[in-house]
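Visitor: Given only the sequences and the hints, what does the whole structure look like? Please build it.
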Amino acid sequence: MEYKISNGNKPLSLVCLIAGVVMLISALVCDFAKKSLMLFGSDCRGAFLVLGAVGIFLGLFFFPTEKHHRKIINIIFLFPLLFAFAVTVIIPLVLGIGYSFTDWDGIRVKNVVGLANYTKMFTQPSFIWSILITFLFVLFNMILVNLVAFLLALLCTSKIKGMGFFRAAYFLPNLIGGIVLGYIWQFIFSNVVTKWTTALSGNQYSMLSDTKTAFIAIIIVYVWQYAGYIMLIYITGLNMIPLDVLEAAAIDGASRLQTLFNIKLPMIASTITICTFLTLTSAFKMFDVNLALTNGTGSIADFMGSYLTNGTEMLALNIYSTAVVENKYAFGEAKAVLFFIILAIVSILQVKITSSKEVEL
Amino acid sequence: MHRKEKSSSVAIRCIIAVLISIYVLFPFFLVVINSCKTTQDITANPIGFNGVGIGQLIQNLSDVINNTHFLFWQAFGFSVLITVLSLVLLAVFGGMAAWVICRNNRKKWSMVIYFIFIASMIIPFQVVMLPLISTFRDVGKFVGIPMLQSVPGIVFAYLGFGGAMTVFILNGFIKGIPFELEEAASIDGCYPEQTFFKIIFPLLTPVITTITILNGMWIWNDYLLPSMMLGQNGAVKTLPVAVQAFVGSYVKQWNMILAAALLAIVPMVIVFLVAQKQIMNGMIEGAVKG
Chain A
22 MEYKISNGNK
32 PLSLVCLIAG
42 VVMLISALVC
52 DFAKKSLMLF
62 GSDCRGAFLV
72 LGAVGIFLGL
82 FFFPTEKHHR
92 KIINIIFLFP
102 LLFAFAVTVI
112 IPLVLGIGYS
122 FTDWDGIRVK
132 NVVGLANYTK
142 MFTQPSFIWS
152 ILITFLFVLF
162 NMILVNLVAF
172 LLALLCTSKI
182 KGMGFFRAAY
192 FLPNLIGGIV
202 LGYIWQFIFS
212 NVVTKWTTAL
222 SGNQYSMLSD
232 TKTAFIAIII
242 VYVWQYAGYI
252 MLIYITGLNM
262 IPLDVLEAAA
272 IDGASRLQTL
282 FNIKLPMIAS
292 TITICTFLTL
302 TSAFKMFDVN
312 LALTNGTGSI
322 ADFMGSYLTN
332 GTEMLALNIY
342 STAVVENKYA
352 FGEAKAVLFF
362 IILAIVSILQ
372 VKITSSKEVE
382 L
Chain B
83 MHRKEKSSSV
93 AIRCIIAVLI
103 SIYVLFPFFL
113 VVINSCKTTQ
123 DITANPIGFN
133 GVGIGQLIQN
143 LSDVINNTHF
153 LFWQAFGFSV
163 LITVLSLVLL
173 AVFGGMAAWV
183 ICRNNRKKWS
193 MVIYFIFIAS
203 MIIPFQVVML
213 PLISTFRDVG
223 KFVGIPMLQS
233 VPGIVFAYLG
243 FGGAMTVFIL
253 NGFIKGIPFE
263 LEEAASIDGC
273 YPEQTFFKII
283 FPLLTPVITT
293 ITILNGMWIW
303 NDYLLPSMML
313 GQNGAVKTLP
323 VAVQAFVGSY
333 VKQWNMILAA
343 ALLAIVPMVI
353 VFLVAQKQIM
363 NGMIEGAVKG
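Protein sequence lines, in the order shown, are assigned to chains A and B. Offset between the first sequence (1-based) and the working numbering: plus 21. Offset between the second sequence (1-based) and the working numbering: plus 82.
Please note that a few of the clues may not be correct.
Stated by the list, open to error - Beyond 10 Å from chain A on every Cβ pair, some chain B residues (computed):
#1 ARG95
#2 PHE131
#3 ILE140
#4 ASN148
#5 HIS151
#6 TRP155
#7 LEU167
#8 VAL170
#9 ASN187
#10 SER202
#11 LEU212
#12 VAL233
#13 GLY258
#14 THR287
#15 THR291
Claimed, not checked - Some chain A residues judged to face chain B by a derived CB distance under 7 Å, without partners named:
#16 PRO32
#17 LEU35
#18 LEU102
#19 ALA189
#20 ILE197
#21 PHE208
#22 TRP217
#23 PHE308
#24 ASP309
#25 ALA337
Just so you know, the hints here were simulated from the structure itself, not pulled from any lab data. Since this is a predicted model, take the numbers as computed values, not measurements. Beta carbons are placed, not taken as given, at the ideal position from N, Cα and C, and that holds for glycine.
Guide: Put into structure tokens, the structure is as follows:
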């Protein structure tokens, strides 16, 4: 494959390259000397650095070379995204795993403490509790969201009028962020539902004030928010079942339930994999609703011999409050690393299990 | 499918569908009516129409909009700015990177980059958020560009966090574009960069719509990243952060809180009404391909 000579321009290329290198080096020298580069009354180090990098890339871009132009373009095209990805994901990930073995306080590291953070978290009843209810929440949530979403999808693929409206209405909660939703439902549980329970049974306490009912409340909100989205995916799956298969089943006299269990469910096995995966990972990572709805509060009288006040605090929120609220950065980071490991194992297992089922069916 | 349906069973299904939609939409209804009341009227009867008035709605909204913790227009402006900038950069840089990765997919470096992108999609934000903040603080100080509490900083972070999924979805699409098209372009005298921007990028429109919707919903509603990077009381705030800061300072003033929620919901609902089909299809495609 021969490429035409690039639109090279030697003088322009050299000017850009030289200007870029000069700016970059002067900015870096100032950075390392910890001095500001004053021009027109403001510090121009940052601007010089960015402009210098842009200059070098422009210089390379205009460099008259037939052989290497394609390579230069590859580098220029890859650089912005890879650079942002490395700085925001890879470097913090590596640093974070490292920090989890130290006494990092968010600013500096004084001592390496080895596995101390990891062993400490398993002696902390509130953290064990968070792990347990997170698993419980994920389990309930996965079953309920998928069940509700599948039933809604069956409803929305049967012949009823105004289907577009129903689909859009069921999907609507998914558009709104967890923080706002959390507060809306906090209002509903503490003001509206309490009115009803008072009238029915004389129970004046809000659902959110008791740990068990507050846990149910979080599930209700999450199913309400998420089922509409999963429903859309199930609808797509159901619509992909060839009509002639369903017709053949009807001619053979299969009942509605037989069609559902023997034809529809096996034929959407891959959709079920996608949906369980989505609900699993999103439920594990749930944070906003937890924060806004209960903020993790809820009392547990006796768990592993101690009294807990974080009855509804899921893992993600526990990590956040350990690090940001209690200022124990290294400890929070160690919990986060464990969270990452759990999430990775669970999602790999889940995909393996459901896809092996897919083959059987 | 083609069996004759009894009209009674169709009617029952219609009724169920209506009942569910009432349940699903009920919270929105409560937000709207209670934003039009005083706190006393809400406490007296949160689901009735007593005390509902346009005057009270305007009163509540103007209280919320001018509240120093909320500053609606400012937060709205920052949310729009951050979301739009991130989406444009993700589409352009994501497209460029995905094209290079896809067209060199037999080479080792391309495979390694692609694998790292895919593997990184499982990393939860919690693992990187703490070192991210300290890295951004240190790097910002070192080079003299404020990375925390600044729009460029957070847009840069979204570019990094959204990159993997964007490349993954785009890659699947670019694979389907015949390479002969690019060969023809280069024979006709296109440089590689021209081939991308004039031939490939326009062909990506449908999939770019999909990733823009997915990333847009995520960035617009995201709370944790902006709250960590911008801070609760910083000069730059997005809408979810402003709502959280506002509610924290007005405990139990439900008319104000719900008016704030209404203001946060309305832009999204308007966008949904305009682009309902695209949004729903985009969400489906993102899930099925992701």
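Visitor: Run every hint past the structure and note whether it holds.
Guide: Hint by hint, here is what the structure shows:
1. With a least beta-carbon separation of about 5 Å from chain A, ARG95(B) fails to lie farther than 10 Å from that chain, contradicting its non-interface assignment.
2. Non-interface call for PHE131(B) relative to chain A: holds, since the shortest CB-CB distance, roughly 14 Å, exceeds 10 Å.
3. Remark: the non-interface label on ILE140(B) is consistent with the geometry, its nearest Cβ contact in chain A lying 21 Å away (cut-off 10 Å).
4. Interface exclusion of ASN148(B) from chain A stands, the closest Cβ pair being 20 Å apart, more than 10 Å.
5. For HIS151(B), the condition that its CB be more than 10 Å from all CB atoms of chain A holds, with the nearest at approximately 14 Å.
6. Look at TRP155(B): its CB is around 17 Å from the nearest CB on chain A, clear of 10 Å, so calling it non-interface holds up.
7. For LEU167(B), the non-interface assignment is confirmed: its Cβ lies about 13 Å from the closest Cβ of chain A, beyond the 10 Å cut-off.
8. Residue placement check: VAL170(B) keeps its beta carbon more than 10 Å from all beta carbons of chain A (closest about 12 Å).
9. Distance to chain A confirms ASN187(B) as a non-interface residue, since its nearest Cβ pair spans about 13 Å, more than 10 Å.
10. At roughly 6 Å from the closest C-beta of chain A, the C-beta of SER202(B) falls inside 10 Å, breaking its exclusion from the interface.
11. Remark: the non-interface label on LEU212(B) conflicts with the geometry, its nearest Cβ contact in chain A lying 5 Å away (cut-off 10 Å).
12. Even its closest Cβ contact with chain A, about 14 Å, leaves VAL233(B) beyond 10 Å, as expected for a residue assigned away from the interface.
13. Distance check for GLY258(B) against chain A: the nearest CB is about 19 Å away, which clears 10 Å, and the non-interface claim stands.
14. Chain A leaves THR287(B) outside its interface by the beta-carbon criterion, the shortest separation being 19 Å against a cut-off of 10 Å.
15. Taking the minimum C-beta to C-beta distance to chain A, about 16 Å, the non-interface status of THR291(B) holds against the 10 Å cut.
16. Given hint, PRO32(A) at the interface with chain B, is violated; its Cβ is 19 Å from that chain's nearest Cβ, farther than 7 Å.
17. Proximity of LEU35(A) to chain B is violated relative to the hint, the smallest CB-CB distance being about 20 Å (cut-off 7 Å).
18. Interface hint at LEU102(A): satisfied, since its Cβ lies 4 Å from the closest Cβ of chain B, which is below the 7 Å cut-off.
19. For ALA189(A), the interface hint holds, since its Cβ comes within 7 Å of a Cβ in chain B; the closest pair sits about 6 Å apart.
20. A least Cβ separation of about 6 Å between ILE197(A) and chain B falls short of the 7 Å threshold, and the interface hint therefore holds.
21. Taking 7 Å as the C-beta contact cut-off toward chain B, the hint placing PHE208(A) at the interface holds, the least distance being around 6 Å.
22. With a least beta-carbon distance of about 9 Å to chain B, the hint placing TRP217(A) at the interface is violated under the 7 Å criterion.
23. At its closest, the beta carbon of PHE308(A) sits 6 Å from a beta carbon of chain B; the interface hint therefore holds under the 7 Å criterion.
24. Annotation: interface hint on ASP309(A) holds; nearest CB of chain B at approximately 5 Å, less than 7 Å.
25. Annotation: interface hint on ALA337(A) holds; nearest CB of chain B at approximately 6 Å, less than 7 Å.
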